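Undergrad: As a plain string of letters, each chain reads:
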Amino acid sequence: DARVTQTPRHKVTEMGQEVTMRCQPILGHNTVFWYRQTMMQGLELLAYFRNRAPLDDSGMPKDRFSAEMPDATLATLKIQPSEPRDSAVYFCASGFFLVEGEQYFGPGTRLTVT
Amino acid sequence: GENVEQHPSTLSVQEGDSAVIKCTYSDSASNYFPWYKQELGKRPQLIIDIRSNVGEKKDQRIAVTLNKTAKHFSLHITETQPEDSAVYFCAASPNDMRFGAGTRLTVKP
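Read top to bottom, the protein sequences are chains H and C.
FYI, in this note's numbering the residues of the first sequence are 1 to 114.
FYI, in this note's numbering the residues of the second sequence are 1 to 109.
A hint or two may mislead.
[Unchecked claim] Once the Cα atoms are required to be at most 25 Å apart in a straight line, the calculated DSS-like pairs of lysine-lysine come out as:
{"#": "1", "chain 1": "C", "residue 1": "LYS57", "chain 2": "C", "residue 2": "LYS22"}
{"#": "2", "chain 1": "C", "residue 1": "LYS42", "chain 2": "H", "residue 2": "LYS11"}
{"#": "3", "chain 1": "H", "residue 1": "LYS78", "chain 2": "C", "residue 2": "LYS42"}
{"#": "4", "chain 1": "H", "residue 1": "LYS11", "chain 2": "H", "residue 2": "LYS62"}
Worth flagging that the hints you see were computed from the coordinates, not collected in a lab.
Here the structure is a predicted model, which means the values were calculated and not measured.
Please take these sequences and the hints and turn them into a complete structure.
TA: Here it is, written out as structure tokens:
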């Protein structure tokens, strides 16, 4: 039963520190999404990649957030410097898109910035 | 870009009753409409989806309808059970995936 995996599952850090979240998409999937979920904002699309190329990162605060796919088995989301308002659950999702299609979510990383 | 609105934000029904959640979207290029169920502390899970060439799709107690002309789609859950209690999200996809704000469904035994 193939699943998207994310590490770490929980992260507590102090304001100003760098945070890196990792995602391993399902093998063979060519599209990876990063979402942020807070109680107030629901599921907010931050960025997504197709065939490792960034297609849209307009949802990300560019000054502090960055997303990359160094290879087909790893996607990273980095926050530097972190702020308390970044506290949320960050989900990665992957899918195999020819035109469009279903995506599968990872378990999420719960980030708390104090 | 795509904008998805979802109503109601909360919904409480008695066990055995039906529940209906509605979504509207703005981008006429959207052609894929999934619904996700998210239980507390867990990941969203796909429960049903519909593509733009189909008007209705059913899977046991859940069904989704799509009206492309009006740009709205709905989730119908019949014979609700307490385990249906969760937050439900609709989404619409032209190329990326935009989610509605979610509906918290409570099924009272």
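Undergrad: Broken hints, numbered, in rising order?
TA: The structure conflicts with no hint, since it agrees with every one listed earlier.
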